[in-house]
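Engineer: Line order of the protein sequences matches chains H and B.
Under the numbering used here, the first residue of the first sequence is numbered 1, with each subsequent residue one higher.
Under the numbering used here, the first residue of the second sequence is numbered 421, with each subsequent residue one higher.
Source of the hints: derived by calculation from the structure; they are not laboratory data.
Check each hint, because a few of them may be wrong.
Some but not every residue of chain B turned toward chain H, in silico, with C-beta under 8 Å [to be verified]:
(1) Y552
(2) S706
(3) T731
(4) A818
(5) I826
(6) L832
(7) Q866
(8) A872
(9) P886
(10) G891
Quick caveat, the model's predicted, so the values are computed rather than measured.
C-beta: ideal position from N, C-alpha, C; glycine also.
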Amino acid sequence: MTTGRVQSEACAREVADVVVIGSGPAGLAAATAIRRSHPGRVLVVERQARAGGIPAQCDHRGFGLRDLHRSYSGPDYSRALAGQALEAGVEIITETTAFIESDGALAITGPAGLRHVEAAHVLLATGARERPRTARLVPGTRPAGVFTTGQLQQFVRRSLPVGSRALVVGAEHVSFSAVLTLREAGVAVRAMVTDLEEAQSLPVANAVLRHLYRVPLMTRTAVVSLEGRRRLQGVTLEDCVTGARLSVEVDTIVFSGGWVPEYGLARSAGVVLDPGSGGPAVDALGRTSRIGWFAAGNLVHPVETADSTAVQAARVGAGMAASLTRTRGPLAPAVPVRVAAPLAWVWPNLVRPGLTSGGDVTLLRTAEFGAQRSVRFSQDGRELGTYRIRHLTPNRSLRVGAAWRNGVSAEGGLVTASLH
Amino acid sequence: MRAETREHLFDVAVIGAGVVGCAVARDIGRRGMSCVLVDRADDVGDATSKANTAILHTGFDAEPGTLESRLVARGHQLLSDYAGEAGVALERIGALVLAWDDDQRAALPGLREKALSNGYGAVAVLDAHEAYRREPFLGPGCLGALAIPDESIIDPWSTTIALATDAVRSGVDLRLETEVVGVTTVAGVHRLETTTGSLAARWVCNVAGLGADRLDNIFGHAEFHVTARRGQLVVFDKMARQLVSSILLPVPTQRSKGVLVAPTVYGNVLLGPTAEDLDDRTDTASTADGVEQLRAAGSRVLPRLLDEEVTSVFAGLRAATEHRDFQIRAYPEERYLCVGGIRSTGLTASMAIAEHVVELLGSAGEDVVRLDDASGATRFPPLGECQVRPYRDAALIATDPEYGRIVCHCELVSAGELRDAFESPVPPRSTGGIRRRTRAMNGRCQGFYCAATVVSALAAARGIDPRHLLGLDGGQS
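Given the sequences, and given the hints that come with them, work out the whole structure.
Structural biologist: Following this line, the structure appears as structure tokens:
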């Protein structure tokens, strides 16, 4: 239904060797890695007013340990990554949004104008966002006072009012970040609720929540309805085991976590998605189904911490730089990797036998808690590798080795990752 | 206070600024009568008109011979033309009434006959093969369909705002956040006591939607009773649009047109509505049961739809009555017009209802001579995916870079469009008003990125404390 290109003759062009979409940790780290080993033009396109992605709006510390080897605040970490990229010769343009024309071509738009992009390689690093209340199908009214953590952080940064009593939905890393932000804004946190059996962040976060902040953690609890017309007045909770209901009077609710890859651009570009992660299906070097199009960061593993995302993305960048100098032929066939429940997704989820495997890490997510289990990779009933896992926690990073990839046969069927 | 200073006698007071009220006020204003349009909400189209299926009906399935049948058919034509002039997004994508069992298949020829009785002849019965050829993602078990090629989708919010803007440009006095609390009539003049002062008018036109029966009672009439019929709707992510190309309807029942699946002009896919009769005329909450019922219906029609992310869930209330037709009556001796019982076809019929109201005023001896309308409709910002939106209009961005400064990334809404909305004749007063005028915050992230920016911009544009916009100033009404 969309019309074709608009006034393409009047339209400027942006030509680069590599265009990176998104200037979060993944985009910046990958761009830096590419530019350090490739002299061509590397352009990072950022839709927000400043580079840095999600960390740029997270005021707490703890960023950068794995890649920059010290602890930064979110905004400082973003500045450090952007500084590194600029120093390497990367160009960053902000307030510029990428979109896909009806013919599949990449275009960008911003105050400087609409431009069509011509690049040998495109790296999608558009990140992930939290699933809002609507997508969680939480019934009830639609009052003000319903947030995601990201939205909450932006409200607080802009000194917009947030209410006085809040409930935080979710108990993963970012949920604790939401509690911190609410406290800074002077909002009383009435409770943190999760439908899972336990919180999923670090034990120290739980201890701080319970003993220092005195915020009750309600496990196996679901939000079943929101009430209030102009402003949120109350929330109905339900005990997932007994079905008992409880009303809580709050004027603010934060739906935290539940990360969804920002897949819009990838899907519009015709890139095949992985049914597990919901982001583009990629091999360990970030190659997608579309030739010359790569994907990295929390778009493909929603979500890892910023620093480990940067480390993985730098590897993808190094691989892209290497392939820029090689004569390119058609991509080797890819064997998809699928997960069996309760595993939620695996990265990478494509294996191209015979090609550089890229890195030594496999990332996984589980939907259920567990202990002393093992993850087995198999193809057509043949075991490729089994890895012991001490603790399984939903919404937490799960890492195993990558040697299983070496055994994948190009002629074989799907690879399956399952828990035993 | 206002009564003393503004003792203006309006020719007509139109009560209710939904799509029909706005169309009526516009038509009255264009004919040189002085008109005041009041609504208790802070925006036009803030009740029934904002939460509907956004379909421009042909009226193929209306009850033949009714006023509704005639006005829907006429309204389809009028609004199609107006949308073209005003730049309101409209796509003529057609509809398929789908039969999933033998009874429904047997009902299709009857529906075709009904369409013919309503003066609509372009319908065709399709076999299952043809239905699947047109809609390859239909679930299994479809036995056939009736095709209605002129059923269209339209931007319902811009329609109401466009009509209101044209009304204001024609001199109509639009008073929002103004609730009528009492009416007295002395010497042929209606005096309306409102929450913002009193108003005097020779005629009152009741277009109060869910409150039309109560206002009718105040005027001493009791021709109908309104029951709020709640319709919950689920809006799916834009990526779902590739799954469906036309409006997918069930075979209608006596009570409801049933649950449909339809693309929207914004590029989403809509699933709904439910039809629940409520005692509470304000209950626009969605419910777990309602959403589950819709998902069950959707899973049969378009199973892959349910794999897509949901962008939003909302509920609207339509004004059902015990009658199966619009309740439009003129009482010339009282200089009172009632436009009640406007059901889900109100959006389609709005301009024809306005034309009808003006005829009724003319029959009552009012001077409704047509003005030569040289100025024509105002052009509205393009919000539809079938249009060239500012973010992809190179020439526009070159003349004003604010159209390239994207504020809402999901819906690609620019700072220039927000500014234009704030400066427009009927500007937004709430975040909902911005959503409806620009689409900002209506995308898949529901404001993850842009809500703070948009709220700040609105507060600055209105010169008010953001606490008011965020419902933190105490009031809940």
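Engineer: All hints are to be evaluated individually against the structure, with a verdict given for each.
Structural biologist: How the hints compare with the structure:
For the restraint placing B/Y552 at the interface with chain H, the shortest Cβ-Cβ distance is roughly 21 Å, beyond the 8 Å limit, so the hint is violated. Proximity of B/S706 to chain H holds as hinted, the smallest CB-CB distance being about 5 Å (cut-off 8 Å). With a cut of 8 Å, the hint placing B/T731 at the interface with chain H holds, because the nearest CB-to-CB distance is about 6 Å. Contact between B/A818 and chain H, as hinted, is supported at the beta carbon level, the nearest pair being about 6 Å apart and thus within 8 Å.
A distance limit of 8 Å between C-beta atoms decides the matter here; for B/I826 the minimum to chain H is near 4 Å, and the interface restraint holds. Hint on B/L832 holds. Least Cβ distance to chain H is approximately 7 Å, under the 8 Å limit. Proximity of B/Q866 to chain H holds as hinted, the smallest CB-CB distance being about 4 Å (cut-off 8 Å). Satisfaction of the interface hint for B/A872 is found here, the shortest Cβ-Cβ separation to chain H being roughly 4 Å, below the 8 Å cut-off.
The beta carbon of B/P886 comes within 5 Å of a beta carbon in chain H, closer than 8 Å, and the hint placing it at the interface holds. Taken as an interface hint, B/G891 checks out: its beta carbon lies about 3 Å from the nearest beta carbon of chain H, inside 8 Å.
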